[in-house]
Amino acid sequence: MSHSLSGVFPVFQTPYLADESIDAETLEREIAWLFEQGSDGIVLAMVSEVLRLSDRERDHLATLACRFAAGKGPAVISVGAESSRIAEGHARHAEEAGAGALMAIPPVSIAVDESELATYYRRLLEVVAIPVIVQDASGYVGRPMSIAFQARLLDEFGPERVLFKPEASPIGPRLSALREATGGKARVFEGTGGIALIDSFQRGICGTMPGADLITAIVPLWRALQEGDLAAAARIHEPLSALISMQTSLDGFLAVEKHLLCRQGIFRNEIVRGPRGFVLDEETRREVDRLFDRIQEALAAS
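For the sequence shown, our numbering begins at 1 and goes up steadily by one.
Hints are computed from structural coordinates only; laboratory data are not their basis.
Just so it is clear, CB atoms sit at the ideal spot from N, CA and C, and this is done for glycine as well.
Possibly wrong hints are sitting among the right ones.
[To be verified] Computed Cβ-Cβ distance ranges for the label pairs, DEER-style:
hint, residue 1, residue 2, range
1, 301, 265, 18 to 26 Å
2, 6, 296, 24 to 32 Å
3, 275, 155, 39 to 47 Å
Start from the sequences and build out the full structure, keeping to the hints where you can.
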């Protein structure tokens with residue numbers, strides 16, 4: 001299964017109705033659009049607002065995502081939680097719903113040592129048969145995992161069961177360190193929204209997990225890299241990285257991505273569950289739109 005997990009796997013945004021309940025109709029449209037644009041799979045993860053959903057809502061959203069992705073590509077479902085028992089429940093549910101793989105951040109409310117962290121991931125891997133992507137989300141929450149810890153987990157379960165999404169800084173050197181520590185066996189997804197995609201590709205990643213809003217640029221960028229066309233990749237990446245660099249927090253990604261999904265006719269509104277740590281003001285919105293227009297110009301030129 002893990003070898004089918006490669007390429008562009010956007011993390012979808014969760015659309016809401018006016019009462020902040022999940023808008024299933026818009027979600028179905030979003031997921032269909034992502035695959036129409038060339039996505040290889042989809043992901044339910046941090047910028048899907050999983051930490052702002054109840055456990056029941058998370059499982060319902062996972063069911064919808066797997067249903068809407070069926071026959072198009074794998075759905076990766078984030079199951080990380082504050083206890084192993086809750087994470088295991090989400091994991092079992094996702095596998096039963098048809099997920100192609102799971103992804104899990106560590107608990108974020110406590111700092112645990114690596115023996116506890118190993119137990120947490122081991123329990124997840126033992127309750128399901130599908131791959132688990134170990135997400136070091138320390139760019140947003142928590143603290144970095146050591147390279148040695150990640151390598152030991154891979155040694156124990158193998159590259160068909162354990163994949164990685166490293167987001168601790170510095171991204172590039174740590175990615176190379178993980179590659180070297182695992183003898184090149186680690187299968188890694190880039191998780192910076194695409195800002196480090198060119199550098200990460202050259203370090204041997206198997207795929208990328210960007211936001212949904214920029215999928216029309218990420219897919220051509222990924223394909224240009226696969227074809228060795230660095231000139232085309234650079235033309236797309238320059239304005240893309242300028243836009244992504246404006247998103248310096250989880251709520252920054254949420255605000256910009258929902259705005260751009262509305263602009264592209266996919267979402268009906270920009271509702272983000274609060275409290276919010278970032279809100280688009282009009283000047284920032286204009287700059288986001290200007291940079292998005294530059295991306296479209298670069299795509300036309302490529």
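A quick look at each hint next to the structure:
Look at residue 301 against residue 265: about 23 Å separates their beta carbons, and that is inside 18 to 26 Å. For the pair residue 6 and residue 296, the beta carbons lie near 27 Å from each other, so the given range of 24 to 32 Å is met. As the Cβ distance of residue 275 to residue 155 is approximately 42 Å, the hint placing it in 39 to 47 Å holds.
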